[in-house]
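Following the hints, position chain B against chain A.
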Amino acid sequence: MSVAAAPAVEVRGLTKVYLPSPPWMRFFLRTQIREPVRALDEVSIRFDGGQICAVAGPNGAGKTTLFKILTGLLAPTEGSAVVVGIDATRESPQLRRVVGFMAGDDRSLWLRLTCQQNLEFRGRLQGLRGAVLTARIDDVLDAVGLGDMHDRVGFALSSGMRARLQLACALLHEPPVLILDEPTATIDPVGSFELLQKIRQVTVERKLAVLFSTHRVDEIEALGENVVLLHRGHVVHAGPLDRLGGKLERQVVTIDFVSAEAARAAADRLANAEATEVVEQSAYAVTVATSARLGDLLDRLGEATSSIRSLNEQRVPLREVLAEVLAEKDTEHGLDA
Amino acid sequence: MGEVSAAFIKIGYLTTMSYPLSFVVDQIATLTPIFTYYFVAKVVETPSVDVGGDYFTFVIIGVITTRLLAGGLRGLGDELELAVSEGRFESLLAQPVPWRTLPFGLVQWGFIWRAINAAVIVVIAIGLGSEFLLSGVPAALLIVLLGTFATMAIGNLAAGVKLLAKRTDPIIAFYQIAVFIFAGVAYPITLLPRALQIISYLIPETYVIAALRKLLLPGGADLPGPSAPSVILGLLLFNAIAFPASLWLFGRTLEYGRKTGLLGGY
Chain A
1144 MSVAAAPAVE VRGLTKVYLP SPPWMRFFLR TQIREPVRAL DEVSIRFDGG
1194 QICAVAGPNG AGKTTLFKIL TGLLAPTEGS AVVVGIDATR ESPQLRRVVG
1244 FMAGDDRSLW LRLTCQQNLE FRGRLQGLRG AVLTARIDDV LDAVGLGDMH
1294 DRVGFALSSG MRARLQLACA LLHEPPVLIL DEPTATIDPV GSFELLQKIR
1344 QVTVERKLAV LFSTHRVDEI EALGENVVLL HRGHVVHAGP LDRLGGKLER
1394 QVVTIDFVSA EAARAAADRL ANAEATEVVE QSAYAVTVAT SARLGDLLDR
1444 LGEATSSIRS LNEQRVPLRE VLAEVLAEKD TEHGLDA
Chain B
601 MGEVSAAFIK IGYLTTMSYP LSFVVDQIAT LTPIFTYYFV AKVVETPSVD
651 VGGDYFTFVI IGVITTRLLA GGLRGLGDEL ELAVSEGRFE SLLAQPVPWR
701 TLPFGLVQWG FIWRAINAAV IVVIAIGLGS EFLLSGVPAA LLIVLLGTFA
751 TMAIGNLAAG VKLLAKRTDP IIAFYQIAVF IFAGVAYPIT LLPRALQIIS
801 YLIPETYVIA ALRKLLLPGG ADLPGPSAPS VILGLLLFNA IAFPASLWLF
851 GRTLEYGRKT GLLGGY
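Protein chains in written order, with this note's numbering: chain A, 1144 to 1480; chain B, 601 to 866.
For reference, chain B alone in the conformation it holds in the complex:
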């Protein structure tokens, strides 16, 4: 398993670095929102609702969290689509590797890169005046890890659909819209009408973002939302059920594709 992981990480790294211009442009693109929100925060220097400190840091936590968790959500589906469209998928399946390791193998480089990217965003944000509570970092990292597994469970289901429907990706498309609107990335969910807040509480990102703000914002402890320990417990329970179930369903999808001959098409 370790050797397989190392193989996927290395091939991901080498492939990324073999497109240097694309690599640089992509990184610049991911940093753009930081500066946008920096100036938006200047407009709302005194927010109308409690954001646990300054609005810029509040948003940066939302942006970083969704970016990291998107690795779990989109990683497998995107990598599968790439492997299928570039013609490598069947050849990967023909390797003497258990198919259940593919979801882990294919997404690892994406996770690593997103983590590095998030660290760069934090450094830039600090340079622009953000303040984070260092004491909250260990628990925040644990929550991000658990949150990533939670979104990976959803991503595995979506990847199963993509495996059969090829370019169709209805689950992720709707899910990402829901995250952007309802998970409190750029504004507190308390601003949403009560009826819509129900949707917010169905999305794992909502809990992760809220817990991270409580842990990392200097004035975040009093923000509404579940506490970090309860989020950790909730994610542990969610992952204990959803993650194995998603892997099982992904395996069943591969078997269905094997039976119907849908694995290799694109």
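Chain A extracted, bound-state conformation:
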């Protein structure tokens, strides 16, 4: 398979089990686990180039383990991970030539050195030199909005700027795939927004495939066209957010009536309505969670419709949808939430 024709990332049946050190080694090698930990369990994902894919999930979902395998830093227990046609397990050195990796904190930078010096070091490790290296450094610093910061030392940069410098480091050897492990973890919301804008921009301009992990709901929503939701090592959802089992179409509707009788009658009628659940009832109001269309809901009310004083309709927040999806998965697997 040629590199150009291959999917950006193809993961099949990927399983990673962390094992505790053998008893005879524990005096020297103290791992923090006493029982095997299944961090990834038969994960399968396919992701084509030219897109941003957000890998989301709570802490411990398996995001970092997945990313370490995709950057060749960790070997899977079973299954395969292929990045632009290169096997992540067997061809780790080749893999690192086609992947630009950005860690979640700024500790991978030499903060006492300038942006230029940080990039020169990375560039030389990547085999770049002379005029080519200089041109690349100018190019990536411009791309991340640090074009006038060549001589600024890392400590003099804000957290957002440091994240952008890390992004520049990841872009330096012109990899077709970027893997960004919680790139906004240490940045304020404004800095995060700016970084996401830059990531979007370089993805389009350079036709990159970008895989990035996050546990921030706003970022999942912003990049919702392609989301992999991981939970306890399993893929709970892969694809656009709006395909999340129709749960995102649900809304909470509160209907205020002019009389208590009308409210009671409405509650009785709505209790049996399809895809609708009465979640709260007071003297004059009924609140339902429903994925039915508003028109269908009003049809169901029949005569009570004329007694409506006001109607309030709200989408269920994404975080609640995600929490519900994850709780359902826990129930399926017989686990406590």
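It should be emphasised that the hints constitute simulated quantities derived from the structure, not laboratory data. Be a bit skeptical, because a hint or two may be false.
Stated by the list, open to error - Which chain B residues stay away from chain A? Per the calculated CB distances, all over 10 angstroms, these:
#1 Pro696
#2 Ala718
#3 Val744
Stated by the list, open to error - So the derived list for chain A, only partly shown, Cβ under 7 angstroms to chain B, looks like this:
#4 Leu1216
#5 Phe1244
#6 Thr1329
Said to hold, decoys possible - Distance ranges between label pairs, derived from CB positions:
#7 A:Glu1185 to B:Glu855: 17 to 25 angstroms
#8 A:Thr1329 to B:Ile712: 30 to 38 angstroms
#9 A:Ala1278 to B:Ser618: 23 to 31 angstroms
#10 B:Ala786 to A:Asp1230: 38 to 46 angstroms
#11 B:Arg700 to A:Asp1385: 42 to 50 angstroms
#12 A:Pro1165 to B:Ser618: 36 to 44 angstroms
Remember, it's a predicted structure, so these values are computed and weren't measured experimentally. Beta carbons: idealized from backbone N, C-alpha and C, even for Gly.
Quick look at chain B alone, frame taken from chain A:
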């Protein structure tokens, strides 16, 4: 490989120079023993055993040699520990550089700096009255180079342990104690009980120090110990086996860490 080496040397230089006070204090600290031994030598102006000339020059050769060879011994482990604790190790591993080049890359600046430091010590020692045989310098440099590779082989093994056990460094800790006591840094190993001299001959530093004294001390030719050619031959044989083996084991350790997920922790 050349470009990777240059990158590591430059980043080492820039990092060192970005802490100017620490740099100055460290250098002063490394020069302190010279003056200590200078005055100790005044106390033992007529040594009770043959030291090939004056005691001060005898000790200076021991001190310089152990300092240079410690670069091979400690260099990789120290740099790995720093990279792991400062959070740069995984990012280094994610670079498109063969992992087997890391032991070379990470230790180079340390070697260069130790060599400059040794040269400064020699200059100060000469200023304080030491005499060295210039004719022995080329062979001495070759032996130091071979000795550095020998200790680097041991250092690579220790770094492998450190990579997995993190702050634990049992090999180097015991080894350095053994060097200080048994390798003849500050006294001839002939002063040790015979049973303990067996330990001395298990340590590469013993051979390097003895050969350098034979080559550089004006009266060193008659000192006990192996000749320079035999030390060169011995180190060549040791390095031919131990150095590739240590690199292989270090690579296996990285692979084990990759399998178990121990690479990035600290």
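Here's how the hints hold up against the structure:
1. Pro696: Per Cβ check, Pro696 (chain B) is inside 10 angstroms of chain A; nearest 4 angstroms; violated.
2. Ala718: Per Cβ check, Ala718 (chain B) is outside 10 angstroms of chain A; nearest 27 angstroms; holds.
3. Val744: holds, 28 angstroms
4. Leu1216: Leu1216 (chain A) check passes; min Cβ-Cβ to chain B is 6 angstroms, inside 7 angstroms.
5. Phe1244: holds, 4 angstroms
6. Thr1329: Result: violated, 12 angstroms to nearest chain B Cβ.
7. A:Glu1185 to B:Glu855: 17 to 25 angstroms: holds, 24 angstroms
8. A:Thr1329 to B:Ile712: 30 to 38 angstroms: holds, 35 angstroms
9. A:Ala1278 to B:Ser618: 23 to 31 angstroms: Holds: the Cβ-Cβ distance is about 26 angstroms, inside 23 to 31 angstroms.
10. B:Ala786 to A:Asp1230: 38 to 46 angstroms: violated, 55 angstroms
11. B:Arg700 to A:Asp1385: 42 to 50 angstroms: holds, 48 angstroms
12. A:Pro1165 to B:Ser618: 36 to 44 angstroms: At 42 angstroms between Cβs, range holds.
Going down the numbered hints, you'll see the structure goes against 1, 6, 10, while the others check out.
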